[in-house]
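Top to bottom, those sequences are chains A and B.
Anchor point for the first sequence: position 458 equals 512 in this note's numbering, and the numbering is continuous, going up by one each time.
Anchor point for the second sequence: position 116 equals 121 in this note's numbering, and the numbering is continuous, going up by one each time.
Calculated from the structure, these hints are not laboratory results.
Certain hints may be false.
To be verified - Residues of chain B placed beyond 12 Å of chain A at every Cβ, according to the derived structure: (1) D93; (2) D94; (3) I118.
Said to hold, decoys possible - Facing chain B, from chain A, some residues (calculated, C-beta under 10 Å): (4) N61; (5) E63; (6) V101; (7) K106; (8) D195.
Stated by the list, open to error - Okay, the calculated bits of chain B under chain A, using three or more residues with CB under 8 Å as the criterion: (9) 81-91; (10) 129-135.
Glycine is no exception: its CB is placed at the ideal position from the N, C-alpha and C atoms.
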Amino acid sequence: MSCKQTNFETLMRLADGELRGLKALTLRRHVKQCPECTQTLTELGRVDTLLKSTDHFPPETRQNALPLRPIGLVGSAALLAGAALLFAIPGGPLRPTSSFAQVEAAMGRIHTAHWTSSITSVTYLNGKKQGYHSVMDCWVDLDTHRLSYRKIKSDPINPSDGIRMDQADFYVDEKAQWSVDHGSVDTYVRMDPVWAQSNKSLVEYLRESIVLPQSDPQHVEVLTVQGQKQQYTFSAWKQSDAQWQGQRALKYTRTVTFGDGAQTRPQLVTIWVDPKTMRLLRRDTRQERDSNPQLAYSYNTTSENFRYNETPPPGTFDLPIPKVGQRFSLGKAMENPQLQRDNDPAVAALARQVMECFSQRDADRLFALWDTEGVPEAEWRARQDNWRRKLASPAFGKSLAYESSEAYAVPLREFVRKSEAEPFPPQPLPCRDVTIKGWLTMEKAPHPYLVFAWARFIQREGQWRIQDLHELEETSTIKNGTIVMQRRYKK
Amino acid sequence: MVVRLAGSREVADDLTQEVAVQAAQAFPKFRGQAQAFTLFYKIAVRCVLRWRQQRPLGNDTLLETVPAPSCDPTTALTVQAALHALPDDQRAVLVLAVYEQLSYKEIAAVLEIPLGTVMSRLARARQQLRKELSDVL
Numbered sequence: 055m056s057c058k059q060t061n062f063e064t065l066m067r068l069a070d071g072e073l074r075g076l077k078a079l080t081l082r083r084h085v086k087q088c089p090e091c092t093q094t095l096t097e098l099g100r101v102d103t104l105l106k107s108t109d110h111f112p113p114e115t116r117q118n119a120l121p122l123r124p125i126g127l128v129g130s131a132a133l134l135a136g137a138a139l140l141f142a143i144p145g146g147p148l149r150p151t152s153s154f155a156q157v158e159a160a161m162g163r164i165h166t167a168h169w170t171s172s173i174t175s176v177t178y179l180n181g182k183k184q185g186y187h188s189v190m191d192c193w194v195d196l197d198t199h200r201l202s203y204r205k206i207k208s209d210p211i212n213p214s215d216g217i218r219m220d221q222a223d224f225y226v227d228e229k230a231q232w233s234v235d236h237g238s239v240d241t242y243v244r245m246d247p248v249w250a251q252s253n254k255s256l257v258e259y260l261r262e263s264i265v266l267p268q269s270d271p272q273h274v275e276v277l278t279v280q281g282q283k284q285q286y287t288f289s290a291w292k293q294s295d296a297q298w299q300g301q302r303a304l305k306y307t308r309t310v311t312f313g314d315g316a317q318t319r320p321q322l323v324t325i326w327v328d329p330k331t332m333r334l335l336r337r338d339t340r341q342e343r344d345s346n347p348q349l350a351y352s353y354n355t356t357s358e359n360f361r362y363n364e365t366p367p368p369g370t371f372d373l374p375i376p377k378v379g380q381r382f383s384l385g386k387a388m389e390n391p392q393l394q395r396d397n398d399p400a401v402a403a404l405a406r407q408v409m410e411c412f413s414q415r416d417a418d419r420l421f422a423l424w425d426t427e428g429v430p431e432a433e434w435r436a437r438q439d440n441w442r443r444k445l446a447s448p449a450f451g452k453s454l455a456y457e458s459s460e461a462y463a464v465p466l467r468e469f470v471r472k473s474e475a476e477p478f479p480p481q482p483l484p485c486r487d488v489t490i491k492g493w494l495t496m497e498k499a500p501h502p503y504l505v506f507a508w509a510r511f512i513q514r515e516g517q518w519r520i521q522d523l524h525e526l527e528e529t530s531t532i533k534n535g536t537i538v539m540q541r542r543y544k545k
Numbered sequence: 006m007v008v009r010l011a012g013s014r015e016v017a018d019d020l021t022q023e024v025a026v027q028a029a030q031a032f033p034k035f036r037g038q039a040q041a042f043t044l045f046y047k048i049a050v051r052c053v054l055r056w057r058q059q060r061p062l063g064n065d066t067l068l069e070t071v072p073a074p075s076c077d078p079t080t081a082l083t084v085q086a087a088l089h090a091l092p093d094d095q096r097a098v099l100v101l102a103v104y105e106q107l108s109y110k111e112i113a114a115v116l117e118i119p120l121g122t123v124m125s126r127l128a129r130a131r132q133q134l135r136k137e138l139s140d141v142l
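Chain A with its partners taken away, still in its complex shape (with noise of 0.2 Å):
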């Protein structure tokens, strides 16, 4: 199956009833949604029906096919009839269903959730205390599917380092399909919000984040974070009572542990939920770090106060638009094998031509191979200066091979907005453009060293460019004929 939301054998464990909680929530929603999985599913029961229907024997229950059946077979009760005595068979049904119906009868219930995220991050360096506290406002409506965080507090702990919270408000219409990202350097506008830790949509994440966490045993998931894969193993929820502001309540503690484990400790999740509606009141985690030598300790805590169905304010859910002239990266990362196949010809033949112009030592040729488009002057002299440096170089030897990795019906890539009459976002989408990401191999002197440049080709109206090249940090030697690879950081 093609779908890339879940596979075969997650489907298959939906269908036995072995999958549970927000998992099976999830995928049962996904698969309302999807053709293909709807399709496998049923193609699954009616396997299992075939198989049935064809069977010698009628099917049975595990409470009346077990003791008796091998026995009635062949007429051995008398050997097992004094040992079953011994044991009881388990009761109740084989596949206990969750109360995820309930849950997600109650969920339903919710239009929004607003709630204030107050975040500290400290770091003692050298024995100094540093770091900030930020409160967020948080909004998220599930009707409708928009999401606001707008920061309204961030105050350094020392005021003499001047540290705030980097991360700034954002914003996600996810029907619009596009989010709004201020952080305090850059605007950038995502075309196909992702929640960059779970590949799931933001909103249908903290949906999930706000429905009780029971019936969510141990598990181990694998996330994709900034595009490297990274297991998450999710202890199960330890459940028992508590008050909060003076009601009873549940409060449910686990603990995530990321990667290994060897560079960061588990985090601490604690939650405390209202028994009679069962949804989330307060959430708090704590983050502790204390691996890297030269960060001696530091922890990152959230703690989340959470109320439902408030009437957000006007404008809550406003997207703010980047102001005429203001610099934006406009995102839309559509990965698309069959643009790589169309195209590995024609950027191979590009690539051909940079790697010639390296061997050549040809500056010039290689910057009227280049996209400037939308490059600042500074920015572009910058690169300019750097390739010549390179390709003057002794050490710097002749390409030896091109290969493609992925390509992207539309690149990143900076706009300006020009004014207030332009629609925002831009209308139509850039999709005629196409991005092929690709590596270049290259020799250098000490020989036989092998050095990697990673860049990204760019297809405008029909012609092909470069708009990224860089050679990486990574590098490869040839040792008995065996590449190893390094890593070498460069200035």
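Could you slot chain B onto chain A? The hints should help.
Same frame as chain A, now just chain B:
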């Protein structure tokens, strides 16, 4: 279950007798650390798989043992043939899941394999059956 795994009723009768004997011998040593039914299943599966290793099932045996279900005999034959064409390890997991309705955890305990292996074997078995039975689905 023994019939389904062994593929022959006659053989299953003998094997079930052996299962019963072994189970009776094992009971005194049973410490109650696992559920009792896992012991039955464990012994049964082990007996059948050991027998299958010694004597692979031939087509003749299969024809002889195809039951007379209420559905179309040709379909029944196709299904049984597809089931018995599966590798032993995959068929054992499938039989325990589909016919015996054991949970994955229980299957893992019976077969003494990791939970992930249960899932991957079951998925492979079902995908294979889905492919083999596409004409009758």
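Query raised in the report: If you take the shortest Cβ to Cβ gap from A:K106 to chain B, is it below 10 Å?
Result: holds, 7 Å
Report task. Hey, is B:D93 genuinely clear of chain A, shortest beta carbon separation above 12 Å? Result -> Consistent with the label, B:D93 stays out of reach of chain A, its closest Cβ about 17 Å off (over 12 Å).
Query raised in the report: Counting residues of the segment 81-91 of chain B with a beta carbon closer than 8 Å to any beta carbon of chain A, are there 3 or more?
Result: As far as the segment 81-91 of chain B goes, the hint holds, because 4 residues have Cβ atoms under 8 Å from chain A.
Query raised in the report: Per the CB criterion, is A:V101 less than 10 Å away from chain B?
Result: Hint holds; A:V101 Cβ to chain B Cβ min 5 Å, cut 10 Å.
Requested in this report: Answer holds if the nearest beta-carbon of chain B is closer than 10 Å to that of A:D195; otherwise answer violated.
Outcome: With Cβ-Cβ at 37 Å, over 10 Å, it is violated.
Query raised in the report: Are three or more residues of the segment 129-135 of chain B within 8 Å, CB to CB, of chain A?
Result: Contact hint for the segment 129-135 of chain B vs chain A: holds, 4 residues under 8 Å.
Query raised in the report: In terms of Cβ atoms, is chain A entirely out of 12 Å range of B:I118?
Result: Fine: 15 Å to the nearest Cβ keeps B:I118 off the interface.
Query raised in the report: Is B:D94 truly not at the interface, in the sense that its beta carbon sits beyond 12 Å from all beta carbons of chain A?
Result: Since the minimum Cβ distance to chain A is about 16 Å, B:D94 lies beyond 12 Å and the statement holds.
Requested in this report: Go through the hint on A:N61 and say holds or violated, using the shortest Cβ distance to chain B against 10 Å.
Outcome: For A:N61, the interface hint holds, since the closest Cβ of chain B sits about 8 Å away, which is under 10 Å.
**Report entry** Status of the A:E63 interface restraint (C-beta, 10 Å, chain B)
**Finding:** holds, 4 Å
Violated hints amount to a single one, hint 8; each of the other numbered hints is respected by the structure.
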